[in-house]
Every structure is written in C-alpha cells, then in structure tokens.
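In terms of the numbering used here, the sequence shown is residues 45 to 346.
It should be emphasised that the hints constitute simulated quantities derived from the structure, not laboratory data.
Hints are not guaranteed to be accurate.
[Claimed, not checked] Below, in silico cross-link-like pairs of lysine-lysine (DSBU-like), each with a Cα-Cα straight-line distance of 30 Å or less: (1) K221 with K263; (2) K117 with K78; (3) K239 with K208; (4) K136 with K56; (5) K78 with K136; (6) K307 with K221; (7) K208 with K263; (8) K263 with K165; (9) K162 with K320; (10) K263 with K307; (11) K320 with K307; (12) K221 with K208; (13) K165 with K208; (14) K320 with K263.
[What the hints assert, rightly or not] Each pair of labels, with its calculated beta carbon distance range: (15) K136 with T245: 43 to 49 Å; (16) R216 with G100: 42 to 48 Å; (17) T245 with I119: 27 to 33 Å.
Fair warning: this is a prediction, and the values are worked out from it, not measured in the lab.
Here a beta-carbon is modelled for each residue, glycine too, at the ideal position from N, C-alpha and C.
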Amino acid sequence: MIAAGIDLGGTKIEAHLFDVDWHFCDNLYLETPKTYELLIERLCEAIDWIEERSSGLPVGLGLAGLISTDSGKAITANLPCSGERLPADIEKRAGRYITYINDGRAFTLSEAVFGVAKGYKSVVGLILGTGTGGGSTYRGVMLNGAAGVAGEFGHISAPAHLVKEYNLPIVRCGCGKMGCIETIVSGPGMMRIAKAITGQTLTPPEIYSLRLSDSGMAKVWDIWCTLVSELCLTIDYAINPDVIVVGGGLSNMRQLISDLSCKMSESQFNGFNIPKLLRAQGDGASGARGAAYAAWLDTGHG
Numbered sequence: 045m046i047a048a049g050i051d052l053g054g055t056k057i058e059a060h061l062f063d064v065d066w067h068f069c070d071n072l073y074l075e076t077p078k079t080y081e082l083l084i085e086r087l088c089e090a091i092d093w094i095e096e097r098s099s100g101l102p103v104g105l106g107l108a109g110l111i112s113t114d115s116g117k118a119i120t121a122n123l124p125c126s127g128e129r130l131p132a133d134i135e136k137r138a139g140r141y142i143t144y145i146n147d148g149r150a151f152t153l154s155e156a157v158f159g160v161a162k163g164y165k166s167v168v169g170l171i172l173g174t175g176t177g178g179g180s181t182y183r184g185v186m187l188n189g190a191a192g193v194a195g196e197f198g199h200i201s202a203p204a205h206l207v208k209e210y211n212l213p214i215v216r217c218g219c220g221k222m223g224c225i226e227t228i229v230s231g232p233g234m235m236r237i238a239k240a241i242t243g244q245t246l247t248p249p250e251i252y253s254l255r256l257s258d259s260g261m262a263k264v265w266d267i268w269c270t271l272v273s274e275l276c277l278t279i280d281y282a283i284n285p286d287v288i289v290v291g292g293g294l295s296n297m298r299q300l301i302s303d304l305s306c307k308m309s310e311s312q313f314n315g316f317n318i319p320k321l322l323r324a325q326g327d328g329a330s331g332a333r334g335a336a337y338a339a340w341l342d343t344g345h346g
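Take the sequences, apply the hints, and build the full model.
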C-alpha cells in the first residue's frame, strides 16, 4: 500500500486503500452521522481500519467544505462540523497526523494526475452534483491560493442578465451569501429552475429524460446548460485551462459535454477556442484517491 484516502460526504464516509501504482485495493463504507461527536468517532473508526491493514500510511481526508487557515475551524454546509476544529479533534482522538483537502480539489488532483486529464498542463475540475465546486492544477500541482479557497466556483455570483431574462429565483446559498451560482446549476438548482419555469417538481434525471419530448423540460435543460456554460466561460477567462473535467452526479447525463461545448462556443470570443471539456473517468474512488495523493505529497513524497 502507498496511501489511504477518506472521502467525507453528507451521507457516507468512504475509506479507500491504494497500491504503489495508485490502483484501488480495498474500501470501507460508513454512514455519516448527524452529530459532531459521532462524526469524530466514525472518522477515527475509518482511520483504525486503515491502520489495521497497513500501519503508518499517509492518510488524506477530503471533505465538502473548507478549513480556515486562521482558526483551524471547518466551514461546511452539509456536515455536522461547521465551526468545529475538525483537524485538531481528529488528530487528538486518532493520535496521528492527517492531511486535509477540499473534496473538489481532491477530485481535480486525481483526474489531473491519474485520470482523464493526465498529460494536460493546465486542468480545472468542476463538480456538478448536490453542490458545485472544483479546483485547478498546473503541471499536476494543486493551486490552492493563499487561504485555500481557490476552486470555490459554486460561490461565484449567478449572471444577473440571465437570472433576469429567465426570471429565476435569487435564494440564499448554504454558504450564507445570496445568489451564488451553485443555487441554480447544482442538482437542486436544476430542480429550482424547473419549478420556476414549469411549476413542476422533477429530479434532474427526470428533467433530462423528458427534454426531447416535453417542451417545458427542453427549455429547463437549455437554460441550465446556458448557465453552466457561462460558469465555464468565467472559469476560462480567469484561468484559461487546457481542459475542464466535469464530474459529480450530473456529469452522468450523456449529452451534457456536447451541449455545454456548443453553448460555450456560441458565447466565446470570436476567433478563440474554448477549453476541451471532458467527463471524469474516475469511479467513486476518485476523490479519495486525490486525498490519498495529497497526503502522500504532504508527507514528503513525490
């Protein structure tokens, strides 16, 4: 074994072991508890499981949220640890060092180094799922920024002209801000668009499957793709990557990459190409592999 990664999500905790070639070896799945005390216990259970199989491995923890570089406290929307000193509490209970990384950054690192974007110089990862986030790498090195918030793409403001044109609701994001683009391009965001346009409450898979036979759902899909393409172009204007890797549950909609590419090409500066859009190839272990690789680098390897 070379390293281990733990992917902490809102519903489950996944611990994965990786061999020297960074192939998935073994895994443990646990339910994410609802209280902070139980969360610490459950994470330490995962760490104990790793130690029993290969003691002393670098261990990375990827989570949907941020750790403040000033206070050491977690900032999350869907986990029972916001405002808590998560890293310090885990290390105190587990009795060992753990590397922490945002789940979007872990996903991006995994796809850039081992996945579909391997070999590209500048890579952006974009997760479209329950939330929206990502990260960017250059020559396989994660670009975290001064405070670790680089890649919080979901908290860019939604484009005002499109919100006005389509009469979309402006709602408060889980981060506390109003009008973050995550509120209309995430899975719940697509449902919010459908409700605003058609009055119906449908899931993203239902919207996608009906888009060719229902004019209302076709409009919802078109609006959603327009919004996501605007986000991708904003990322392009700020970073101008070679490739944008799209992951998360919404990336499983097969026509997504093609439709987004068309939308981006229509709005891009005349005479300029858009970044290559690729669907992530990593399986459910991609985020954990990125966390494991971050831990491996963090402990002096690489």
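Status of the hints after comparison with the structure:
{"no.": "1", "hint": "K221 with K263", "result": "holds, 27 Å"}
{"no.": "2", "hint": "K117 with K78", "result": "holds, 18 Å"}
{"no.": "3", "hint": "K239 with K208", "result": "holds, 16 Å"}
{"no.": "4", "hint": "K136 with K56", "result": "holds, 22 Å"}
{"no.": "5", "hint": "K78 with K136", "result": "holds, 21 Å"}
{"no.": "6", "hint": "K307 with K221", "result": "holds, 27 Å"}
{"no.": "7", "hint": "K208 with K263", "result": "holds, 16 Å"}
{"no.": "8", "hint": "K263 with K165", "result": "violated, 36 Å"}
{"no.": "9", "hint": "K162 with K320", "result": "holds, 13 Å"}
{"no.": "10", "hint": "K263 with K307", "result": "holds, 14 Å"}
{"no.": "11", "hint": "K320 with K307", "result": "holds, 13 Å"}
{"no.": "12", "hint": "K221 with K208", "result": "holds, 18 Å"}
{"no.": "13", "hint": "K165 with K208", "result": "violated, 37 Å"}
{"no.": "14", "hint": "K320 with K263", "result": "holds, 25 Å"}
{"no.": "15", "hint": "K136 with T245: 43 to 49 Å", "result": "holds, 44 Å"}
{"no.": "16", "hint": "R216 with G100: 42 to 48 Å", "result": "holds, 45 Å"}
{"no.": "17", "hint": "T245 with I119: 27 to 33 Å", "result": "holds, 30 Å"}
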